[in-house]
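Protein chains: 2
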Amino acid sequence: MTVLSPDALEARLREIGAERYHNRHPFHRALHDGALNRMQVQAWALNRYYYQASIPVKDATLLARLPTAELRREWRRRLEDHDGDAPGTGGIARWLKLTDGLGLSRRYVESLEGMLPATGFAVEAYVHFVGERSVLAAIASSLTELFSPTIISERVSGMLRHYNFISEETLAYFAPRLTQAPRDSDFALAYVRANARTPEQQKEVIDALLFKCNVLWSMLDALQHVYMEGHPAPGAFRGDGTPGAFSA
Amino acid sequence: MTVLSPDALEARLREIGAERYHNRHPFHRALHDGALNRMQVQAWALNRYYYQASIPVKDATLLARLPTAELRREWRRRLEDHDGDAPGTGGIARWLKLTDGLGLSRRYVESLEGMLPATGFAVEAYVHFVGERSVLAAIASSLTELFSPTIISERVSGMLRHYNFISEETLAYFAPRLTQAPRDSDFALAYVRANARTPEQQKEVIDALLFKCNVLWSMLDALQHVYMEGHPAPGAFRGDGTPGAFSA
Numbered sequence: 001m002t003v004l005s006p007d008a009l010e011a012r013l014r015e016i017g018a019e020r021y022h023n024r025h026p027f028h029r030a031l032h033d034g035a036l037n038r039m040q041v042q043a044w045a046l047n048r049y050y051y052q053a054s055i056p057v058k059d060a061t062l063l064a065r066l067p068t069a070e071l072r073r074e075w076r077r078r079l080e081d082h083d084g085d086a087p088g089t090g091g092i093a094r095w096l097k098l099t100d101g102l103g104l105s106r107r108y109v110e111s112l113e114g115m116l117p118a119t120g121f122a123v124e125a126y127v128h129f130v131g132e133r134s135v136l137a138a139i140a141s142s143l144t145e146l147f148s149p150t151i152i153s154e155r156v157s158g159m160l161r162h163y164n165f166i167s168e169e170t171l172a173y174f175a176p177r178l179t180q181a182p183r184d185s186d187f188a189l190a191y192v193r194a195n196a197r198t199p200e201q202q203k204e205v206i207d208a209l210l211f212k213c214n215v216l217w218s219m220l221d222a223l224q225h226v227y228m229e230g231h232p233a234p235g236a237f238r239g240d241g242t243p244g245a246f247s248a
Numbered sequence: 001m002t003v004l005s006p007d008a009l010e011a012r013l014r015e016i017g018a019e020r021y022h023n024r025h026p027f028h029r030a031l032h033d034g035a036l037n038r039m040q041v042q043a044w045a046l047n048r049y050y051y052q053a054s055i056p057v058k059d060a061t062l063l064a065r066l067p068t069a070e071l072r073r074e075w076r077r078r079l080e081d082h083d084g085d086a087p088g089t090g091g092i093a094r095w096l097k098l099t100d101g102l103g104l105s106r107r108y109v110e111s112l113e114g115m116l117p118a119t120g121f122a123v124e125a126y127v128h129f130v131g132e133r134s135v136l137a138a139i140a141s142s143l144t145e146l147f148s149p150t151i152i153s154e155r156v157s158g159m160l161r162h163y164n165f166i167s168e169e170t171l172a173y174f175a176p177r178l179t180q181a182p183r184d185s186d187f188a189l190a191y192v193r194a195n196a197r198t199p200e201q202q203k204e205v206i207d208a209l210l211f212k213c214n215v216l217w218s219m220l221d222a223l224q225h226v227y228m229e230g231h232p233a234p235g236a237f238r239g240d241g242t243p244g245a246f247s248a
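In order, the protein sequence lines correspond to chains D and S. For the record, in the first sequence the residue sitting at position 225 is 225 according to full-length UniProt numbering, with numbers rising by one throughout. For the record, in the second sequence the residue sitting at position 113 is 113 according to full-length UniProt numbering, with numbers rising by one throughout.
Because the hints were derived from the structure by calculation, they are not lab data.
Stretch by stretch, here's where chain D covers chain S in the computed footprint (C-beta under 8 Å, at least three residues):
no., region
1, 119 to 128
2, 204 to 215
3, 218 to 225
So these bits of chain D aren't anywhere near chain S, every CB distance computed over 10 Å:
no., residue
4, L4
5, R12
6, V57
7, R76
8, E110
9, R161
10, Q201
This one's a predicted model, so the numbers in the text were calculated from it and none came from an experiment. Glycine included, C-beta positions come from ideal geometry on N, C-alpha and C.
Let the sequences and hints guide you as you build the complete structure.
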């Protein structure tokens, strides 16, 4: 192994994004091309809710491991973005506007009852990763945000164009992310460029980004398997037949 | 919620096994019906290796939480079964005889390089579950062993009958499990019958068994998705083209 320059490391990370980020997944493409029905979009929003709801847990786990006030102040902003400053504000609350708009009851969404087991395993793997690996790897695992403005633009425009059950208001989650994600990923990228100085550290960073791409990819694999291809998932959300799933 | 008698609780657990245990999964059925090719059987053995290799980690995690010498002695036997008493003995070593027999190199299998990400997430969810939930739930999560003699008999007879690349020797893993699993599940079932006395405790036990069925099921979902249906899994085992996968 040879050490990469910061620019070469960044180029390698961007290459991983181009190959492995979940905007290339068939479920995402179907979502933004309008190829899904309402139940499939509901299943996506319902499962993705657990990811959104776990992000502040992930960030708090990392926050508790950061050694300086400077780093903690920076990372604390992510908690503010996701948890908000008052009831009904922040990223999780805005995600619930999406599940509201799709006609899912909040009680059902928040209960996680209809979530696919594979969603839970992937999301919890991410939370455990930032608690167990090095701080450098934990910060690097957030670098999928380098690629999220692209997927968000595709999602918003594609979903508004193709689905009559989607409005600008139900997509309220996404607009702030277009500024938050680049701000956060600028910080994480600068940190990684400055702190991954040995081949071993650079491998940790690369592996952390691959891991995170796998988390996001496997969540869409599970949705595709059950909701596009119709394989059984006992206990999981099945649309209108699911007790408690729909708001009155 | 009303409290169940020990017999009614056991009946409910056996009902969950009948409905949700992974012997009902299409990948398992294809495996034992001879409907898989050698590469698909290799992918199964390779991914399942990580489960086998993690079982003693799971059992040691639980062992560290057991409060009495009596319970720890009982649980310690599981470590002996899986790790053996000397190099080349125990369940993990016997699983490697299977991957050897399938022509996979040990270095590749043990490196986990070709494993599906979803396998890792599911297996690690199991290890974390026994570390984080109550001891009662952790013990109950082992109760899938109540159903394993059935699946093992199906696997062994089906695989020997249908695959010319499988021999009694490569299936050495399974024979001892036919006596070990019932001994272990007898203990766990008696523990659960005696200690799940409130409706809340009984719900914990039921949920633990459902969780464990979901772990095993989702591992087969991921194999089916990639190796039966051909969806992409970047970096995962792809048969003969995979560098390092095959023994010389």
